[in-house]
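Peer 1: Using the sequences and the accompanying hints, generate a full structural model.
Protein sequences, first through last, are from chains A and B.
Whatever position you read off the first sequence (first residue = 1), add 2 for our numbering.
Whatever position you read off the second sequence (first residue = 1), add 2 for our numbering.
Each hint should be verified, as a subset may be incorrect.
Treat identical chains as interchangeable: a pair holds within one or across any two.
Here are the computed lysine to any residue pairs in the SDA-like style, where the Cα-Cα straight-line distance is at most 25 Å [unchecked claim]:
| # | residue 1 | residue 2 |
| --- | --- | --- |
| 1 | Lys186 | Ala116 |
| 2 | Lys288 | Glu339 |
| 3 | Lys35 | Asp119 |
| 4 | Lys341 | Asn289 |
| 5 | Lys161 | Gly260 |
| 6 | Lys341 | Thr33 |
| 7 | Lys129 | Arg187 |
| 8 | Lys288 | Arg350 |
| 9 | Lys168 | Arg128 |
| 10 | Lys341 | Asp299 |
| 11 | Lys341 | Ala298 |
| 12 | Lys166 | Arg243 |
| 13 | Lys168 | Pro265 |
It should be emphasised that the hints constitute simulated quantities derived from the structure, not laboratory data.
Chain residues, written in single-letter form:
There are 2 protein chains.
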Amino acid sequence: MDHAVVMAGGSGTRFWPESRVRRSKQFLNLTGKGPMIGETLARIFPVVPPERVWIVAGRKDAPHLSPRALGIPRGNILLEPEGRNTAPAIAFAVAAVAGKDADAVILATPADHAIADVPGFRAVIRKGFRLARETGRFVTLGVPPTHPATGYGYIERGKPFPGKVKGAFHVARFAEKPDLAAAKRFLRSGRFDWNSGLFLFRADTFAARLQEFLPEVGREIRKAFEGDRRGFPKRLAKAYRRMPSISIDYGILEKERGILMLPAEVGWSDLGTWRSLHEFLGGSGKNITFGDVLLADCSNALVRTDGGVVAVLGMDDVVVVRHEDAVLVCPRSRSEEVKGMAEEIRRRYPLLA
Amino acid sequence: MDHAVVMAGGSGTRFWPESRVRRSKQFLNLTGKGPMIGETLARIFPVVPPERVWIVAGRKDAPHLSPRALGIPRGNILLEPEGRNTAPAIAFAVAAVAGKDADAVILATPADHAIADVPGFRAVIRKGFRLARETGRFVTLGVPPTHPATGYGYIERGKPFPGKVKGAFHVARFAEKPDLAAAKRFLRSGRFDWNSGLFLFRADTFAARLQEFLPEVGREIRKAFEGDRRGFPKRLAKAYRRMPSISIDYGILEKERGILMLPAEVGWSDLGTWRSLHEFLGGSGKNITFGDVLLADCSNALVRTDGGVVAVLGMDDVVVVRHEDAVLVCPRSRSEEVKGMAEEIRRRYPLLA
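Peer 2: Now the structure itself:
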């Protein structure tokens, strides 16, 4: 059966002051439609019913993960005792899913990405499930680029992949985040797509590749799942203490041969910065506001407040965010630097972190 | 005897969000040394003792005018029933002062200006008291300009005024706020000083000129002061309803012949805008902050918060003010437009005004 694993392990600094140590990006209402994680689930439910949707998240976020609010069974919420990047997180989730359904085909998706074209997205993942099931291969979703982004990794397309599911390609290679010149070359070539971080695979394929490329992760997870139910949390904690911190991209995908890519022209954004939120909301050249905001003679502004008025006069290309006890002001074009500033604030004002 | 009348009748919009309908500029702690009105009184007390310092203010500000906190007798706080600009305010105050001291010489000063060189200022007003007493003339303080300001009125110097008090000049004329070209001409000529709005005069001189130039104001004030003490507020309210709204400059000073000017090179600023506050605090080219502010790669910034952190990244020439329930962001160079924006906010968000 088809399953989805929503990876909600991130901790947020790039959306400070809305994201804090105790409120990661996936729980922010960035687009005005509710928490990112809720949007992610709502996108998936019509394709994968709630009883086969799983969330893997950090234990620190447990208070935010009400099964009732999320609409999935309590047992589908998998809490990691500590963060070990995405490879152990997915290995943990795949083991849990396979324990219930040995024939599972799994969509792994970040909890905090945005998709403008939701029906289009559903059509693509339906194709992805069929492709992964029929081929036994990893299937990544590649997003045709709209501009020479330097904040994303890229996937180079190989030859079209023949078969019943149309439109797939072999992956020639994964490329790290490029500099601007390389990003422009990628765009011109027409052979590169953004790496969305969403991919699909059969549970048995994953288990085999885990054994091959990250055997120590496979072994620790297996040991955690062997034994009585009561002792599971303790065994899992032990496994996490022993596993390396490694991403699924670096640990498995970049080593695997025969990966396929399905183009997903669905208005995807990883919402990595305030600027990319502004762009995702169609704000380029326009003002986007949330809350009681008064603008006079502004352009290209993103202004948000959760209470109290924010008045901005005569500013171009600016981000202003008032949230609880903090205010951020920066040029939209420099919103990548917010992360570093948030870390500085974390050091200087621990209560504000 | 020497007296001082502090004019505290203004209502603030230019320092929104710190100034509000119910908190005028003179009650703001703009420089970090306490409310403007307190700074104004502290500057004067060593020259004019508290029992001869008077405040004329709007009735709406009465809650802020604690005699104990201000350090002057309750009877020296003169409350106007409504605002009628400076000529009626000063006429009211002069009548009150003259009722106690017919030989009074009076310094009239706004409550909300800033002076960097306080000892220098005291020396100038001591001279001003002597000059006004000995000559019976109005004595204005002119500030040698440091740049071609367009936000101030100017005073053109005439010939030096001979006499025991050295350094005074005849006033050739008062010039309205100039445009930039005219301000530059004024500066080059060396004959123009900024009109500080501070001036000195004998009570008898004032009474005579009031009778001559604004007889209706003189008559109404006189009638308010005639009669029993209990009926005074009612008579004053009647007088204010009948008096025209007119400034002392337009109503008397610009019509009077023989006014003298004393140069006051004392680091004066009327603190008219956030920008002029920034300049007064020595901020040109520098960052000036109040409260929990974190700046990264900013220049020429004025950032203030009364609670909660404000983080500003990569901004030049910017004003950011967080105060209670509101935040303002604007370019420093456009802080003159804050007034208009505050008025707009007053219409749209009456509770924030």
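Peer 1: It remains to establish, for every hint, whether it holds in the given structure.
Peer 2: Cross-check of the supplied hints:
For the identical chains of this complex, Lys186 and Ala116 are intra-copy neighbours only, at 24 Å inside a copy versus 55 Å across copies, given an alpha-carbon limit of 25 Å. When the C-alpha separation of Lys288 and Glu339 is checked against a cutoff of 25 Å, the pair qualifies both within a copy, at 22 Å, and between copies, at 22 Å. Taking identical chains as interchangeable, the C-alpha atoms of Lys35 and Asp119 lie at most 25 Å apart only when both belong to the same chain, with a minimum of 14 Å there against 56 Å between chains. Taking the shortest Cα distances, Lys341 and Asn289 sit within 25 Å of each other both inside one copy (23 Å) and across copies (22 Å).
For the homomeric pair Lys161 and Gly260, the shortest alpha-carbon distance inside one copy (11 Å) is at most 25 Å, but the shortest distance between copies (96 Å) is not. Only within a single protomer do Lys341 and Thr33 lie at most 25 Å apart by alpha-carbon distance; the minimum there is 19 Å, versus 33 Å between protomers. For the homomeric pair Lys129 and Arg187, neither the shortest alpha-carbon distance inside one copy (30 Å) nor that between copies (76 Å) is at most 25 Å. In this assembly of identical chains, the alpha carbons of Lys288 and Arg350 lie at most 25 Å apart only when taken from different copies (22 Å versus 34 Å within one copy).
Taking the shortest alpha-carbon separations for Lys168 and Arg128, only the intra-copy value of 12 Å comes in at or below 25 Å, while the best inter-copy value is 94 Å. Taking identical chains as interchangeable, the C-alpha atoms of Lys341 and Asp299 lie at most 25 Å apart only when they sit on different chains, with a minimum of 14 Å there against 28 Å within one chain. When the C-alpha separation of Lys341 and Ala298 is checked against a cutoff of 25 Å, the pair qualifies only between copies, where the shortest distance is 12 Å, while the shortest distance within a copy is 28 Å. In this assembly of identical chains, the alpha carbons of Lys166 and Arg243 never lie at most 25 Å apart, being 44 Å within a copy and 90 Å across copies at closest.
With identical chains, the CA atoms of Lys168 and Pro265 are at most 25 Å apart within one copy only, with a shortest distance of 11 Å there and 87 Å across copies.
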